[in-house]
Amino acid sequence: MDRVMFRRLGLGLALVWLVFCLFPLWWVLVTAFKPPAAVSGGATYIPFVDFKPTLQAFKDAFSGVRGDFAGPIFASITISVISTGLAVFLGAMAAYALVRFEFRIRLLAGLAFGVLSIGGFAVLNQGIGLSVPQSLGLVLVIALPTAIWLNGCNLPGPVLGNDDVTFWFISQRMFPPIVSAFALFLLYAEMNKAGVRLLDSFPGLVAAYTAFGLPFAVWLMRDFFANVPVEVEEAAMVDNIGRMRIFFQIVLPMSKPGLIATSMIVLAFIWNEFLFALLLTSSKWQTLPILMAGQNSSRGDEWWAISVAALISIIPMIAVAIFLGRMMRSGFLAGSIK
Amino acid sequence: MSQIPQLDRVKYAFIFPAFLLVLTITLFPLIYALVVSFQTIRIVPPVPAKFVGFDNYVEILGSARFWGSIQVTAMIVLISVAIQYVLGFALALALHHNVPGASLYRVSFLLPMFLAPVSVALIARMLFHPVLGPVNEFFTMFGLENLPFLTSPNFAIATLITVEIWQWTPFVVLLMLAGLQGLPTEVFEAARVDSISAWRRFRDLTFPMLLPLSVAVVFIRLIEGFKIIDTVFVLTGGGPGTSTETLTLFAYNEGFKKFNIGMTSALSFLFLIVVILFGTIYLAVAQRMIRRYQ
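Which chain is which? The protein sequence lines are Y and C, in order. Taking the UniProt record's numbering, I'd label the letters of the first sequence as residues 1 to 338. Taking the UniProt record's numbering, I'd label the letters of the second sequence as residues 1 to 294.
Simulated from the structure, these hints should not be mistaken for lab results. Source: prediction; values computed, not measured. Honestly, I wouldn't trust all of these hints.
[Unchecked claim] For lysine-lysine, the following DSS-like pairs were computed, each having C-alpha atoms within a straight-line distance of at most 27 Å:
| # | chain 1 | residue 1 | chain 2 | residue 2 |
| --- | --- | --- | --- | --- |
| 1 | C | 11 | Y | 284 |
| 2 | C | 50 | Y | 193 |
| 3 | Y | 284 | Y | 193 |
| 4 | C | 258 | Y | 284 |
| 5 | C | 11 | Y | 256 |
| 6 | C | 50 | C | 257 |
| 7 | Y | 284 | Y | 59 |
| 8 | C | 50 | C | 258 |
| 9 | C | 11 | Y | 52 |
| 10 | C | 11 | Y | 193 |
[Stated by the list, open to error] Derived coverage of chain Y by chain C (criterion: at least 3 residues anywhere in the stretch with Cβ under 8 Å from a Cβ of chain C; other residues may be distant):
| # | stretch |
| --- | --- |
| 11 | 123–134 |
| 12 | 242–255 |
| 13 | 262–273 |
Beta carbons are placed, not taken as given, at the ideal position from N, Cα and C, and that holds for glycine.
Work out the full structure: start from the sequences and follow the hints.
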């Protein structure tokens with residue numbers, strides 16, 4: 001008996017949530033077609049019954065009367081597609097290495113790297129007076145080989161394995177983005193002073209977003225590679241085919257579904273990202289979320305215009321969600337929660 | 001995983017590009033920011049850098065606005081994540097037991113988490129308009145007209161929590177559903193044969209078995225929730241006053257309205273410490289809870 005009751009309860013909950021979930025989307029869809037009178041007179045819901053739909057808002061948006069839409073759309077598309085491609089590619093390579101090889105990092109070597117970097121930077125920048133980019137570059141060139149050399153020595157202390165390296169990648173996503181976004185803003189500002197334009201520029205944003213998407217890519221791709229049968233690779237290795245060729249010609253094609261799914265998720269994160277774009281762009285490379293945030297103050301009650309802008313940013317992601325929903329049914333995400 | 005030593009070298013070629021990128025873009029700027037956090041630097045009007053030790057940190061720790069923003073952030077995050085978890089788990093259970101029309105729900109339930117929080121906030125601004133919005137119309141039916149959804153502190157926080165729940169419950173549904181599908185079916189068959197009630201099956205089997213996953217899901221949501229800025233930025237701008245200002249928004253305002261970058265750097269590192277503290281406490285408590293159940 002309680003089986004029936006629970007079923008009814010579940011159905012009721014699902015239906016209520018469905019309405020709650022879809023109503024805002026219905027609202028933004030119909031509001032984009034509303035004439036001004038249908039907004040200022042109070043809430044209206046159904047086109048042709050409550051109001052007479054018009055395409056005016058879309059025409060305004062695309063003719064550029066209401067500010068530049070084409071620029072941010074172009075910026076958003078190019079930046080998110082290229083950063084996603086780079087992040088998934090680099091992430092897949094790193095994930096493959098983490099699945100198939102064994103890494104041993106001595107904690108002491110890692111700590112030495114941190115101390116050398118921070119101390120070295122303080123000395124070079126504050127003590128000797130080198131510029132910020134110069135000292136950072138120099139510190140990297142000195143500290144990294146030193147740490148790698150130290151790692152080869154027989155130092156005491158704990159040794160970190162692959163799981164720790166993976167965690168190191170993922171932990172980049174755990175700390176608040178304002179920390180790294182603001183630090184990156186400071187560095188880019190210094191680079192601008194040195195004559196390398198990174199603030200409000202295409203390379204600067206792509207670099208930032210590639211690093212932003214990389215942790216997800218490593219995390220998700222690791223599971224896909226773990227499920228690729230190792231036998232094929234072993235057979236290829238017996239035939240003396242190089243590891244790189246194995247990766248590009250055998251492993252990558254075999255994990256195509258994983259690559260596509262990962263790209264979709266990373267793309268969604270980058271497309272929607274707000275804080276980095278807010279700090280790192282000012283005019284030329286503003287992305288859609290920044291344009292959207294501006295709509296609020298500049299448009300006031302022109303809800304039809306706001307809705308069109310919201311729809312432009314939402315529609316690609318609806319496609320992504322539908323696609324992933326299909327993949328989810330085939331149970332592909334089950335692996336990534338372990 | 002036995003490798004021939006010479007071939008092993010190639011692993012560095014695989015991992016180094018990603019490693020270097022994270023190092024140069026995410027970690028190395030932090031070094032500079034750390035140094036800046038011990039200085040007074042202003043961009044507008046330009047003031048030359050001066051070493052001030054821990055002054056920035058002390059000043060922030062003494063400011064009511066900092067503690068206020070922690071309180072606001074914690075309130076929004078804790079309440080919304082708690083509701084997200086309960087609702088999301090219940091919905092995942094409903095979907096798992098194939099309520100009629102489950103395939104239709106699956107995609108619609110996923111949708112919100114893929115939309116830009118900025119767009120969601122813009123939509124919410126229309127919905128929660130105190131005069132013209134449909135939410136106002138809904139409450140008017142109960143005789144509550146023109147509630148100040150965005151202009152009174154308590155209402156504004158409740159609105160933000162509602163938006164967060166709308167957007168992120170799908171994440172809980174997605175992961176809990178994946179967890180439910182991964183559970184061994186034999187145990188549940190046996191329990192059904194022994195005619196153990198549905199509620200007890202949930203309490204004694206499903207819930208404990210999914211506890212580690214639950215801990216992870218709630219952890220991810222808490223960490224992500226603490227970063228909240230875009231929704232607040234558009235929906236209330238931190239107002240009225242600073243009553244809905246979250247930590248990230250506070251840091252942003254400090255840096256880009258006052259151009260006091262030493263202060264913002266110090267603030268962002270304090271934020272980091274807050275998150276690490278919260279995370280450590282949470283994981284310690286969660287670990288103990290898991291152990292007690294097993």
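Verification of the hints:
Straight-line distance between C-alpha atoms of residue 11/C and residue 284/Y comes to about 40 Å, which puts the hinted pair past the 27 Å bound. Distance hint between residue 50/C and residue 193/Y is fulfilled; the C-alpha atoms sit about 19 Å from each other, no more than 27 Å. With a CA separation close to 18 Å, the supplied pair residue 284/Y and residue 193/Y stays within the 27 Å bound. Taking the CA atoms of residue 258/C and residue 284/Y, the gap is near 23 Å; set against the 27 Å cutoff, the hint holds.
Between the alpha carbons of residue 11/C and residue 256/Y the distance comes to roughly 22 Å, so the proposed pair stays at or under 27 Å and holds. In summary, the hint linking residue 50/C to residue 257/C is supported, as the alpha carbons are separated by about 21 Å, within the 27 Å threshold. For the hint linking residue 284/Y to residue 59/Y, the alpha-carbon distance of about 23 Å falls within 27 Å, and the restraint holds. Pair hint residue 50/C plus residue 258/C holds up; C-alpha atoms about 17 Å apart against a cutoff of 27 Å.
Taking the CA atoms of residue 11/C and residue 52/Y, the gap is near 63 Å; set against the 27 Å cutoff, the hint is violated. Note on residue 11/C and residue 193/Y: the hinted pairing is violated, with a Cα-Cα distance of about 38 Å set against a maximum of 27 Å. Coverage of a stretch by a chain is defined here by at least three residues with a beta carbon nearer than 8 Å to that chain's beta carbons; for the stretch 123–134 of chain Y and chain C the count is 3, and the condition holds. For the stretch 242–255 of chain Y, the stated coverage by chain C holds: 4 residues have a C-beta nearer than 8 Å to a C-beta of that chain, and at least 3 were required.
Residues of the stretch 262–273 of chain Y lying with their CB closer than 8 Å to a CB of chain C number 3, which satisfies the three-residue condition for coverage.
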